[in-house]
Each structure stands twice: as structure tokens, then as C-alpha cells.
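**Student:** Please construct the entire structure, taking both the sequences and the accompanying hints into account.
Last residue of the sequence shown: 335 in numbering that gives the first Met the number 0, with the numbers rising by one and none dropped.
Careful: at least some of the hints might be erroneous.
As the list claims (entries may be wrong) - Derived DSBU-like pairs (lysine-lysine); straight-line CA-CA distance at most 30 Å:
1. K137 <-> K159
2. K306 <-> K286
3. K318 <-> K286
4. K167 <-> K137
Said to hold, decoys possible - Pair by pair, the computed Cβ-Cβ distance ranges are:
5. E191 <-> E218: 25 to 31 Å
6. P198 <-> R273: 34 to 40 Å
7. G54 <-> I119: 17 to 23 Å
8. R78 <-> I28: 31 to 37 Å
9. E92 <-> N123: 28 to 34 Å
10. G79 <-> P121: 51 to 57 Å
11. R164 <-> V194: 32 to 38 Å
12. L134 <-> L76: 34 to 40 Å
13. P55 <-> E191: 55 to 61 Å
14. A184 <-> P90: 52 to 58 Å
15. T146 <-> Q252: 47 to 53 Å
16. E218 <-> E136: 27 to 33 Å
17. P114 <-> P55: 27 to 33 Å
Keep in mind that the hints were calculated from the coordinates and are not lab data.
Computed from a prediction, not measured in an experiment: that's the story for all the values here.
Quick reminder that beta carbons are idealized off the backbone N, C-alpha and C, glycines included.
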Amino acid sequence: MSDRIMTPIIALGLAFLVWMYTRSRDLEIIDNVQIPVEVQLAAAQADLYELEVHGPLQAPISFTGLPSRMRELRQLLQRGELRLQRTVTVPEEHLADARFQDVLRLDPSTLQVPPGVRAIIPENQGRLHVTLRRLIEKRLPVRLETTAGDRLEHITLEPKEVLVRGPKDVLQNAEWVPTQLYSPATRAGVTEPIVQDTPTILPLAREMGGRPIRTTPGEVSLRYTLRPQQRVHELQEVPVSFLCPANFPYRPQFTSDREGRVTLRVQGPAGGDRPAVIAYIDLTARKFGPGLHAEEPIQVQLPPGYKLAQETPRLPSFKLLAIDGASKSADAPFPP
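**Tutor:** Structure follows, in C-alpha cells:
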């Protein structure tokens, strides 16, 4: 009796195995097809976050199926109609966070493939790391970024403040928004300041802290005064004079000819000739007596637009010799 029952069961099992073997020989396989991955924010949060996907937006997927279905699949692949799509939603408990990170699992079963075709993705390649940055708006003052350094004076920017939209972790500590780098036009040989009364339209930066931002408005108008290009002039053998008060009873005299000349470094316009500089010892500043005097500061009179590019020089020493009936004007230096 048992043989009568077992024999049909064994026969059916063998038939099923034969059918499966025959069936498997009819299946086709397409290995490691790079399928594009599309990641998007939930519609309700699309304006609240900036989405950053780490890693390639493609996934290697293998397909198996009957030849007739695989032909349909190849047509879909050729037309580029297959996409892996994922929608990201920030959980309610993280809505106040400046940044939210997540790992997305890619599910190949969501692909719209022909019936009977199976899609498989390797386990270690079925994840995507994403970062979502909370977007905020903040009003910030505008700061000029320029290659001219301190040569720009009387800078006017309009508007002085703009509305900036960008990641919260960038803007929450920001104190200003920069313009794009501005290089003013220069002309060789110009020694007078250039007043730029006609507004220059200057775009604002499009990113801060390596992240994109958007400003409203996106540009400002710029007015300024540009000082001429500067260079340091080294003036050697500049004679030093003495400025004496009226009726000064002494005659100043250097202890040596060498001490009556100095080398000066002055900063001024790059063009033009050697600047006319007057170096002198001011004997009107305090009361002086006869004899040797050392370490007196040298006063330097410079043309407009020039300044000393060094510390105030000092004269090593000079002598004051008594004279009879001396009368010198306080307005003119006494030559050595």
C-alpha cells in the first residue's frame, strides 16, 4: 500500500526537478548593468533642505528571465527607461537639526521590469549615504572682496545688507556675505587718486563655506576712491638741516660729514621722479644748551601722498657752538 503512495510522489518530484532543470536552461542572465539612481526629497520638505548624495548615483544590477522577457528588458535599457528612485524624508524629531544624515537601502524590486524578470543587486552595493542640510534665510551685511587691498578708500556699497538663503550650519554663525573678487582697473603713471563715481555692478558670492547660497538681490553697486599704486623709494644721502628758533645763540654742527646725511625709505606713488624730502633736527621743540647732543629724532617733511616706510630715524650726534649776535628765523632750517 505504501509503495503505491510513494511511487507517484517520487515520480512527481523527479518530474518537477526535470522541469526546473529544463526551465533554468531557458533563462537568460544580464550581469552588472549600471542603473541610474534618483534620490529626491519628499515634496513637503523640498524647499526646506539641501540634499547631498555621497557616492555614485548608479547601482550595478543583474537581471534573469526568459529570453522573450529579456528582449523587452534590453529595449528598456537601450531607451534608458529604467531608474531606481528613492524619496528621503527627514523625521519630525530631526526637523530642527542643522544637518541630518541617513543611509538609503536600494530595492531593485521597485524597478519597472517586464513580468518574470528578476533584478538582483549585490548586498554591499545596495546602500547610499545622504546628508540633508536645513536651509534658512538671514540678513547679512555685504563685504567687498578686492585685490586692491588698502588702496580702496571711501567705499560705498548699495545695498549694504542683503537676504541670504543657505545651509543653517553655514549661515547661523556668518557675520557678512562677500562679493565676488573685484580687481579695479589701473593705469600706469597715475599719481593722483581716482574717484569712481559711476557705480560698478558687482555680483555677490554664490557659495559660503563650500556650500551654495542664494542672495536677494544677487548684486550690489560699488563706488570708491582708488589710491595710486604704491612702492617704496629708497632715498640715499639725504642732507639733514637744523630748524632753529629766532635769535638762537648757538651754531649747530655735525661731529662728522657722514652724520649729516641719512638714508630714508618712503612709500608713495609708483610713478614719478624722486620725491622731494626735507630732513631736519627741530631745535625749537625744547630748550637746548651748548655742547654735544646725541640721539635727537630727525623730522621728515614729505610731499602729499607719501609716508615713511621705516621708524623715525635718529641722528647719532651734533654739537651746539656758542656764537655772538646770532639771529635766525624760526621758519627756515639752519644749514649744517
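**Student:** Decide, hint by hint, whether the structure agrees.
**Tutor:** Hint check:
1. K137 <-> K159: 14 Å, holds
2. K306 <-> K286: Holds: K306 and K286 sit about 28 Å apart, inside 30 Å.
3. K318 <-> K286: 14 Å, holds
4. K167 <-> K137: 9 Å, holds
5. E191 <-> E218: 25 to 31 Å: With Cβ atoms ~29 Å apart, the hint holds.
6. P198 <-> R273: 34 to 40 Å: 38 Å, holds
7. G54 <-> I119: 17 to 23 Å: Holds - the Cβ-Cβ distance for G54 and I119, about 20 Å, lies within 17 to 23 Å.
8. R78 <-> I28: 31 to 37 Å: Given range 31 to 37 Å: violated, Cβ gap about 21 Å.
9. E92 <-> N123: 28 to 34 Å: 30 Å, holds
10. G79 <-> P121: 51 to 57 Å: Hint violated: Cβ distance 22 Å, outside 51 to 57 Å.
11. R164 <-> V194: 32 to 38 Å: Roughly 35 Å apart at Cβ, these two residues keep to the hinted range, so it holds.
12. L134 <-> L76: 34 to 40 Å: Taking Cβ atoms as reference, L134 and L76 lie about 37 Å apart, which means the hint holds.
13. P55 <-> E191: 55 to 61 Å: At 59 Å between Cβs, range holds.
14. A184 <-> P90: 52 to 58 Å: Because 54 Å falls inside the window, the suggested range holds.
15. T146 <-> Q252: 47 to 53 Å: Between T146 and Q252, where Cβ atoms are some 51 Å apart, the hint holds.
16. E218 <-> E136: 27 to 33 Å: Distance hint for E218, E136 is violated at roughly 18 Å.
17. P114 <-> P55: 27 to 33 Å: 29 Å, holds
When held up to the earlier numbered hints, the structure conflicts with 8, 10, 16 and fits the remainder.
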